[in-house]
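> One-letter residues, chain by chain:
Number of protein chains: 2
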Amino acid sequence: MKGFYYHNPTKLSFGKSTEERLGKLLGDNHNRILLHYGGGSIKRSGLYDKVVDILKEMNIEVFELSGVEPNPKLNLVRKGIEICKENDITFVLAVGGGSVIDSAKAIAIGALSNEDIWKFFTDGIDVSDALPVGVILTIPATGSESSPSTVITNEDGMLKRSLDSDLIRPEFAILNPELTLTLPDNQTFAGIMDIISHVLERYFTQTDHVDLTDNLCEATLRSTINNAYRLKENTMNLDARAEIMLSGTIAHNGILGIGREEDWASHRIGHELSALYGTTHGVTLSIIFPAWMKYVYKENLDRFVRFAIEVFRVDGEGKTLEEIALEGIKEFESFLEDTNMPIRLSEIGISVDQFELMAKKCTNGGTIGSFKKINEQDVMNIFELAK
Amino acid sequence: MKGFYYHNPTKLSFGKSTEERLGKLLGDNHNRILLHYGGGSIKRSGLYDKVVDILKEMNIEVFELSGVEPNPKLNLVRKGIEICKENDITFVLAVGGGSVIDSAKAIAIGALSNEDIWKFFTDGIDVSDALPVGVILTIPATGSESSPSTVITNEDGMLKRSLDSDLIRPEFAILNPELTLTLPDNQTFAGIMDIISHVLERYFTQTDHVDLTDNLCEATLRSTINNAYRLKENTMNLDARAEIMLSGTIAHNGILGIGREEDWASHRIGHELSALYGTTHGVTLSIIFPAWMKYVYKENLDRFVRFAIEVFRVDGEGKTLEEIALEGIKEFESFLEDTNMPIRLSEIGISVDQFELMAKKCTNGGTIGSFKKINEQDVMNIFELAK
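Top line first, the protein sequences correspond to chains A and B. Residues 1 to 387 (our numbering) make up the first sequence, in order. Residues 1001 to 1387 (our numbering) make up the second sequence, in order.
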């Protein structure tokens, strides 16, 4: 196990109607806040009205910025920063899914800095301050509700880049699984793949002696897959929705990665697909992860054998280690197919044309990942396996 | 799953030599602190000198209070409160195991209150403020390093009582597994039983649809048991020491209980043994928990079947559910015996004399626990099973 530092002060308020606790969680310290959201879904569901009513009753002046799209864009972030600076905003409230939260986090950093916000994503400038962010989550997927990460896409050059800082862990996250009952299937299952990927990026490590977190990762994977099947049967199953919502937070609050070297190559490769084609994050992962697995499993066969046996209960009787490992990857692909997730680029109409460009952009002359250090040619090979 | 609120802001600094980060974790805000510890072991190990050197170099004025015993006593807490009040102490640093931390937490509450500290334990007074507490952990066991709990024994009447408040979650916990290498076997394995008991108190629930946390509990139990056996083979195995230290924190940071009704009857019963006979906390649990299991398993047979299969890999082939459940309890007892933990009161020389008194004290005319509500007669019956 490696040494680690872990600090996650996000307050989680979980359960039916917990959005009603918004006032209590906000406290008395903020009278000018930015309400940040996507489009009409929170208006149609009535959540928008509920939130605005609570804020008005608290005599909070609300500044609104809507229009966050999947793979949230830098331009809107800049707009949010401007609103915050012009109006002395002291709190950013994100109501939506991971894109809205990530956009809110970037705004929160930019609002208290004179640097251009994009430089934080590209030049490795340390975040020294940020406005507090609160979250009302409507899509379980990115885990951004208690993570220190934000991922933003710069339309200029179509660059999708991430940034980590403990200063942008949200102050609170309101998690009401009822709000997720009406999610369309594609968002539900792309979200679930995103959740699973956050565990996998931590699970596939070369760090030795990480037995406890191995077990916790496998536990989260099994439960998430189990509840995905329950939602496949009936998307209105509130108990399964609750489990998935909690899985999303656990998968990416950092606990599953403590003491482990994490990987994240699949995320980096997937980001290139989103940047260039606008592909949904979870879809990029369901295509790239199985291909990455096939490409790297020989780097630590035992780990892939353990994955097969502990997560998918593959019966090893009479099989070679390699056969067991490959059966685990196959089971994972079957699960993705069962939840109608694409596992090949061809299924979403992406051909070989831009493989080289994307491979170059995401490795940028170096390597990504740690389970196996992946260079430009490796990324090309992974795209080939994902064709 | 039940709704829940969860907030754990304790900073974890884990790994070799992490006590060297003490200064960074303390920051610049405190120039008068109370250093609280037990006896000579931290002096013999050199930890005391290291800590004092760091504090002196920071020009922090150090007030010392040593002498914390297992099952920490109210009188010493009162003494600590006095020192804090007289000297305008702003921070309590606990260097030791759970008893030292619990004592420090009680001092931290009392230092900022005009109420008698014992009233917080008996009269249900809400904690409204407390000094910040920091921890350098030397015994993995109680999980107090990031929990909201403290347990104190009042010598007057030999009452052992607990108190919960998010305000006493430590600000930071320094977790260096090297510091645990020299622990004597009895402390090592009593600590491990304590860790396991924190999971069991959450695992045995009547709350439905808690699949994710069920899995996380089982994962923690399996890993803890596995690493206990590794330590049985070689107590100097640093990797296993690290896993156990991390398990201790995970088992009691609250995550394994979110959304679940917890039980805690076995703890309450065990506290009476400690109060009356001074029995080590972990020893009381290794005696009471198996007896409690035998007494309550029929309340939810399925859960005990799951426990047997998922934690101890009991083979259910051809057996009734009851047989599987009982085999799980038997396996648990075998594990305790393998780690030289007593599982009967007679093994530690406690006879039936005080059963009635203890049963009366711990139920106090009402019931304890939630998996099965346990009254005075039930406690008597559990003592009988533990004879």
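Since the hints were derived computationally from the structure, they do not count as laboratory data. As the structure is a computational prediction, the values presented were derived from the model and not from experiment. Cβ coordinates follow ideal geometry from the N, Cα and C atoms, glycine included. Wrong hints could be hidden among the right ones.
Quick look at which bits of chain B chain A covers, simulated, 3 or more residues with Cβ under 8 Å [what the hints assert, rightly or not]:
hint, segment
1, 1218 to 1225
2, 1249 to 1261
In silico DSS-like cross-links for lysine-lysine, where the CA-CA straight-line distance does not exceed 25 Å [unchecked claim]:
hint, chain 1, residue 1, chain 2, residue 2
3, A, LYS16, B, LYS1002
4, A, LYS73, A, LYS43
5, A, LYS361, A, LYS330
6, B, LYS1085, A, LYS2
7, A, LYS298, A, LYS232
8, A, LYS232, B, LYS1024
9, A, LYS330, A, LYS372
10, B, LYS1361, B, LYS1119
11, B, LYS1056, B, LYS1016
12, A, LYS11, B, LYS1011
13, A, LYS56, A, LYS11
14, A, LYS373, A, LYS361
15, A, LYS24, B, LYS1050
16, B, LYS1073, B, LYS1056
17, B, LYS1372, B, LYS1298
18, A, LYS16, A, LYS73
19, A, LYS85, A, LYS56
20, A, LYS373, A, LYS298
21, A, LYS2, B, LYS1330
22, A, LYS16, A, LYS2
23, B, LYS1294, A, LYS11
24, B, LYS1232, A, LYS2
25, B, LYS1232, B, LYS1298
26, A, LYS79, A, LYS43
27, B, LYS1016, B, LYS1119
28, A, LYS360, A, LYS330
29, B, LYS1011, A, LYS2
30, A, LYS2, B, LYS1361
31, B, LYS1011, A, LYS50
32, A, LYS50, A, LYS2
33, A, LYS2, A, LYS73
34, B, LYS1387, B, LYS1294
35, B, LYS1319, B, LYS1361
> When the hints from earlier in the document are held up against this structure, which numbers fail?
5, 6, 7, 8, 15, 16, 18, 21, 22, 23, 25, 27, 28, 30, 31, 32, 33 and 35
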